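All chains should be built: construct the whole structure from the sequences, respecting the hints.
If you're matching them up, the sequences are chains A and B in order.
At position 160 of the first sequence the residue is numbered 160 (this note's numbering), and the sequence of numbers has no breaks.
At position 217 of the second sequence the residue is numbered 217 (this note's numbering), and the sequence of numbers has no breaks.
Quick caveat, the hints were computed from the structure, so don't treat them as lab data.
Here the structure is a predicted model, which means the values were calculated and not measured.
Where a beta carbon is used, it is the ideal one built from N, C-alpha and C, also for glycine.
Some clues are possibly wrong.
[As the list claims (entries may be wrong)] Pulled from the structure, derived: some chain A residues nowhere near chain B, Cβ distances all over 12 Å:
| no. | residue |
| --- | --- |
| 1 | I45 |
| 2 | A77 |
| 3 | G249 |
| 4 | S319 |
[As the list claims (entries may be wrong)] Label pairs and their calculated CB-CB ranges:
| no. | chain 1 | residue 1 | chain 2 | residue 2 | range |
| --- | --- | --- | --- | --- | --- |
| 5 | A | I25 | B | A137 | 50 to 56 Å |
| 6 | B | P399 | A | F355 | 56 to 62 Å |
| 7 | A | R269 | B | E179 | 26 to 32 Å |
| 8 | B | A137 | A | R292 | 55 to 61 Å |
| 9 | B | S358 | A | R269 | 46 to 52 Å |
| 10 | A | I25 | B | E105 | 23 to 29 Å |
| 11 | B | N353 | A | R269 | 34 to 40 Å |
| 12 | A | R269 | B | E132 | 53 to 59 Å |
| 13 | B | G223 | A | R292 | 37 to 43 Å |
| 14 | B | R128 | A | R292 | 51 to 57 Å |
| 15 | A | R292 | B | K523 | 45 to 51 Å |
| 16 | A | L189 | B | S70 | 22 to 28 Å |
[Claimed, not checked] Simulated pairs of lysine to any residue, SDA-like, Cα-Cα distance not exceeding 20 Å:
| no. | chain 1 | residue 1 | chain 2 | residue 2 |
| --- | --- | --- | --- | --- |
| 17 | A | K27 | B | M384 |
| 18 | A | K27 | B | P24 |
| 19 | B | K294 | B | G309 |
| 20 | B | K420 | B | F431 |
| 21 | B | K287 | B | G309 |
| 22 | B | K395 | A | P98 |
| 23 | B | K395 | A | R292 |
| 24 | B | K448 | A | F99 |
| 25 | A | K27 | B | K209 |
| 26 | A | K27 | B | K395 |
| 27 | B | K395 | A | P285 |
| 28 | A | K70 | A | Q101 |
| 29 | A | K34 | B | H429 |
| 30 | B | K293 | A | G210 |
| 31 | A | K34 | B | P291 |
| 32 | B | K492 | B | T524 |
| 33 | A | K70 | A | E103 |
| 34 | B | K209 | B | K227 |
| 35 | B | K395 | A | V197 |
| 36 | A | K27 | B | K420 |
| 37 | A | K34 | B | K62 |
| 38 | A | K27 | B | L91 |
| 39 | A | K70 | A | P98 |
| 40 | B | K81 | B | L91 |
Single-letter residue listing:
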Amino acid sequence: MSEFQVEAEVEKVRDQAQRGWLSPINKRRWESFKANRRGYWSLWIFLILFVLSLFAEFIANDKPVLASYKGEILVPALVDYPEEKFGGFLAVTDYRDPFIQEEINANGWMIWPPIRYSYRTVNSEIPEAAPAKPSWLYDEETRCQRYSGGVEDPRCTMGNWNWLGTDDQARDVLARVIYGFRISVLFGLILTAASAVIGVTAGAVQGYFGGWTDLLFQRFIEIWSSIPVLYLILIIAAVLPPGFFILLGIMLLFSWVAFVGVVRAEFLRARNFEYVSAARALGVPNRTIMFRHLLPNAMVATLTFLPFILNGSITTLTSLDFLGFGLPPGSPSLGELLRQGQRNLNAPWLGITGFLSLSIMLSLLIFIGEAVRDAFDPRKTFK
Amino acid sequence: MSGAVSETPLLSIRDLSVAFTQGPQETLAVDRVSFDIAKGETVALVGESGSGKSVTALSVLKLLPYPAASHPTGQIIYGGKDLLSASDDELRKARGNEISMIFQEPMTSLNPLHTIEKQIGEVLKLHRGMGENAARARTLELMNQVGIRDPEKRLSSYPHQLSGGQRQRVMIAMALANEPNLLIADEPTTALDVTVQAQILELLARLRKENGMSMLFITHDLGIVRKVADRVCVMTGGRIVESGRTKEIFENPQHAYTRHLLAAEPKGEPPALDTSAETVIKGDDVKVWFPVKKGFLRRTVDHVKGVDGVDITVRAGQTLGVVGESGSGKTTLGLALSRMISSKGEIRYRGENIDTRSFREMRPLRREMQIVFQDPYGSLSPRMSVAEIIQEGLKIHEPGLSATERDRVVVDVLQEVGLKPETRFRYPHEFSGGQRQRIAIARAMVLKPRFVMLDEPTSALDMSVQAQVVDLLRDLQKRHNLAYLFISHDLKVVKALANEVIVMRAGKVVEAGPAEQIFNHPKTDYTRALMAAAFDIEAVPGGVVAD
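Here is the structure:
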């Protein structure tokens, strides 16, 4: 190894130490993102909520997280054990059944999640006809009147509270909100990511090649985006059973168009940059030029759009659920919660919960989006 | 050209400092600068880019991006008042009325959506409260004054319909509309052709005499300073290192930096002309016509003739200089020869016909035909490190090399262009313009080309850096026997590099031959006009060159 190579290695190490894992420009962006306090806090709150909701099975479930039965450690939250195991006869164990609970407690122990309801668990012990009020609005006696042992019954604990009441099918609202939040965010994220990939590719091709490619694609997109999406979903829903991925697929068919405009404009602008001409003069193939030299330019515009598209996707799913054309019946969804709120005006906790969880989620995302936009604004100065 | 220097100066800058805050960092761009401008006097601020001369000028009218910019110390006294502490209202009265400004880039300083009449008239209506008719009359008068032909026809033109020189004339007309006492000209001719530059300078000198105004002239070009200024302030690193009467500074510079600036002109001789050297590229009747399409069916009705039948030969170890005003087709010719754009006419590379090859078929030849672009700020991708930039071509043309071998090659080429090898992990924004151009040259040289097209490689650089880049190019040529196609409007640089020259105008060759013959005995009026403008900054009477 020659002398200057050694020197260069030293320099490399020093450089990396100075830089950290962020390039200076990204460091500056992170700084200006943090400078927007509202967005920064929103990001943290959202991340905590989202990560928690990813582990929804361990927070709100009608199965214990962990159980020990006759010396065997069981994970009912993850594995379906047939009821035979505990002396029952059903294919799937109902751990909320007092018989099973007694059986397990007699031969071991079990740990319940903080909320003992899943999104589809029907609470048959609610003190009045569904929808029932939040448990903390009842006194202890009323709350536990349906349990066989009354106030003394071991099942009359905080874990069996309906913190936000139940809906008109006696399902726990809080559990449904947790699962509904997760499915909404995941739907939004997957849809946004997939539309970004398709939209950016389409925009890149149009912008880079221009001319006839651009012209034909643009006309196609104009026709394509003038198809009324809602009616199409109604028609398809009549033929195919609506599910998560079918809805995702149908909406993806139309949502990628949103990205094409910005990316195409960025590519049209940047394809005449001198460093792109320089790469062409070196003989770099088109695909590499697009990916390595042009895409980073378009990324800024795309990233700025991303949170707003994400919000749009979530809202669309919610409105479909609200209309009853969304996820299959029984799925936890915020739109369905809103519909229940609208139908049961005598149970204001439904509407209020639906409204608050949706508006908080969308506001957090918009605040994050604003901060991202600030971060990518090169003219933004901050103190 | 000395104006009557009265007792109290028109504008007096005392201890002016300018600081920029970005994040936690504060950088001092101007450091306690003081100078006076007397009534009727022209003061030039000279310095290289980054010396703080434009920032100084912009602070006179408080046009800096406050609050990111601030003035830790200093006063700017105009008419007995300190402009730095003046209210916004007072400043607005001074701006464009008593003190006005011309900017460097005539392309972007006019609003593309308004007609010329509206833009000039706006200043008159705003500050003078003129009515429609009065404003129009004054506008016509101003346009006559700044030498725009047929002003009545031009009133309803939009900026894109005018040439660069005409646009700069419109800018000057706007600046003069209210007969200011002080005109600040921030590199008003840098973006213009040499011939147009000479005309604009002449115009400014004439207007100054007629209106008796003072001028603060900012430039990096000492040739211009010598021509227009009464007094000079030399700036570097945010300080004025020397100031005095123009004549004294030029004849007897005191400060080392001033001497360095004065000595910075590109020097040296091009390689001797050798017509027996191997022909690397030969173009025969090269034509690049851009179609003009009209009507519903977009039929081609006419052509804009970018390059119109040019014969050209570039030989190994020799430099062919292509000169001409902007729009004369120099760059288009270069791009056509290196097959970056389509053209008609035969192009032979080392005897092989390449004008019918597709972009893909050209790829193997790309390593032997390289291009160095004009703007070192635009031609390097800001998101790639120097090593990645230089390696990009290697990865395509020598895919067999291992990572360490490639690194080795990059280190070698960086040393060859005079950069330290350890700089290869840095990003372009950490380098100065001259260093960036060295990186761009390294990117071309790493592929060991035979033919290099140099498209104004020095015109975005400071004078002293230009000389270094010219030396580097000549050195590389000698070592690798390279064929250069050197495109430039800067005849001083061409003289130092080219041994053969073709002069282009409107896509056609006006004059061609050995450099010596063209520089010493130009045959056509057009070439003579170019020479006069480039070497003596003198305008020729109308008609010979564009305006």
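Cross-check of the supplied hints:
Non-interface status of I45 of chain A relative to chain B is upheld: no Cβ of that chain comes within 12 Å, the nearest being about 26 Å off. Taking the minimum C-beta to C-beta distance to chain B, about 46 Å, the non-interface status of A77 of chain A holds against the 12 Å cut. Interface exclusion of G249 of chain A from chain B stands, the closest Cβ pair being 34 Å apart, more than 12 Å. The claim that S319 of chain A is not at the interface with chain B holds, since no C-beta of that chain comes within 12 Å of its own (minimum 40 Å).
I25 of chain A and A137 of chain B have their C-beta atoms about 53 Å apart, which keeps the hinted 50 to 56 Å range intact. Judged by the Cβ atoms, the range 56 to 62 Å given for P399 of chain B and F355 of chain A holds: they are separated by roughly 60 Å. Between R269 of chain A and E179 of chain B the Cβ separation comes to about 41 Å, which falls outside the hinted range of 26 to 32 Å. Under the hint 55 to 61 Å, the C-beta atoms of A137 of chain B and R292 of chain A, about 58 Å apart, fit the expected range.
Checked against the hint of 46 to 52 Å, the C-beta distance between S358 of chain B and R269 of chain A comes to roughly 26 Å, which is inconsistent with it. A hinted range of 23 to 29 Å holds for the C-beta pair I25 of chain A and E105 of chain B, which are about 25 Å apart. A C-beta distance of roughly 36 Å is found between N353 of chain B and R269 of chain A, which places it inside the suggested range of 34 to 40 Å. Separated by about 39 Å at the C-beta atoms, R269 of chain A and E132 of chain B break the suggested range of 53 to 59 Å.
Checking the proposed 37 to 43 Å range against G223 of chain B and R292 of chain A shows it holds: the Cβ atoms sit about 42 Å from each other. For R128 of chain B and R292 of chain A, the hinted distance range of 51 to 57 Å is satisfied, since their beta carbons lie about 55 Å from each other. Between R292 of chain A and K523 of chain B, the C-beta spacing of about 49 Å keeps the proposed range 45 to 51 Å intact. The hint said 22 to 28 Å for the Cβ distance between L189 of chain A and S70 of chain B, and at roughly 44 Å that hint is violated.
A C-alpha spacing of about 16 Å is found between K27 of chain A and M384 of chain B, which places the hinted pair at or below 20 Å, so the restraint holds. Note on K27 of chain A and P24 of chain B: the hinted pairing holds, with a Cα-Cα distance of about 13 Å set against a maximum of 20 Å. The hinted pair formed by K294 of chain B and G309 of chain B fails the criterion: a straight-line CA distance of about 25 Å is larger than 20 Å. In summary, the hint linking K420 of chain B to F431 of chain B is supported, as the alpha carbons are separated by about 12 Å, within the 20 Å threshold.
In summary, the hint linking K287 of chain B to G309 of chain B is supported, as the alpha carbons are separated by about 5 Å, within the 20 Å threshold. At roughly 70 Å between alpha-carbon atoms, K395 of chain B and P98 of chain A are farther apart than 20 Å, so this suggested pair is violated. Proximity of K395 of chain B to R292 of chain A is assessed by CA-CA distance (about 14 Å); at most 20 Å being required, the pair is judged to hold. Proposed proximity of K448 of chain B and F99 of chain A is contradicted: the alpha carbons are some 85 Å apart, above 20 Å.
Proximity of K27 of chain A to K209 of chain B is assessed by CA-CA distance (about 53 Å); at most 20 Å being required, the pair is judged violated. The hinted pair formed by K27 of chain A and K395 of chain B fails the criterion: a straight-line CA distance of about 30 Å is larger than 20 Å. With a CA separation close to 11 Å, the supplied pair K395 of chain B and P285 of chain A stays within the 20 Å bound. For the suggested pair K70 of chain A and Q101 of chain A, the alpha carbons sit about 14 Å apart, so the restraint of at most 20 Å is met.
Restraint check for K34 of chain A and H429 of chain B: the C-alpha separation of about 24 Å exceeds 20 Å, so the hint is violated. Taking the CA atoms of K293 of chain B and G210 of chain A, the gap is near 17 Å; set against the 20 Å cutoff, the hint holds. The straight-line distance between the Cα atoms of K34 of chain A and P291 of chain B is roughly 52 Å, outside the 20 Å bound, and the hint therefore fails. With a C-alpha separation of about 19 Å, the suggested pairing of K492 of chain B with T524 of chain B holds against the 20 Å cut-off.
Distance check on the hinted pair: K70 of chain A and E103 of chain A sit about 10 Å apart at the alpha-carbon level, within 20 Å; holds. Using a Cα cut-off of 20 Å, the hinted pair K209 of chain B and K227 of chain B holds, with the two alpha carbons roughly 14 Å apart. Annotation: proposed proximity of K395 of chain B to V197 of chain A is violated, straight-line Cα distance about 27 Å (limit 20 Å). A threshold of 20 Å between alpha carbons decides the hint, and for K27 of chain A with K420 of chain B the separation of about 26 Å lies outside it, so the pair is violated.
Between K34 of chain A and K62 of chain B the alpha-carbon distance is near 31 Å, which puts this suggested pair outside the 20 Å criterion. With a C-alpha separation of about 38 Å, the suggested pair K27 of chain A and L91 of chain B falls outside the 20 Å cut-off, and the hint is violated. Only pairs whose Cα atoms come within 20 Å are accepted, and K70 of chain A paired with P98 of chain A is accepted, the gap being roughly 18 Å. Restraint check: the Cα-Cα separation between K81 of chain B and L91 of chain B comes to about 11 Å, which is no more than 20 Å; the hinted pair holds.
Violated hints for the displayed structure, listed by number in ascending order: 7, 9, 12, 16, 19, 22, 24, 25, 26, 29, 31, 35, 36, 37 and 38.
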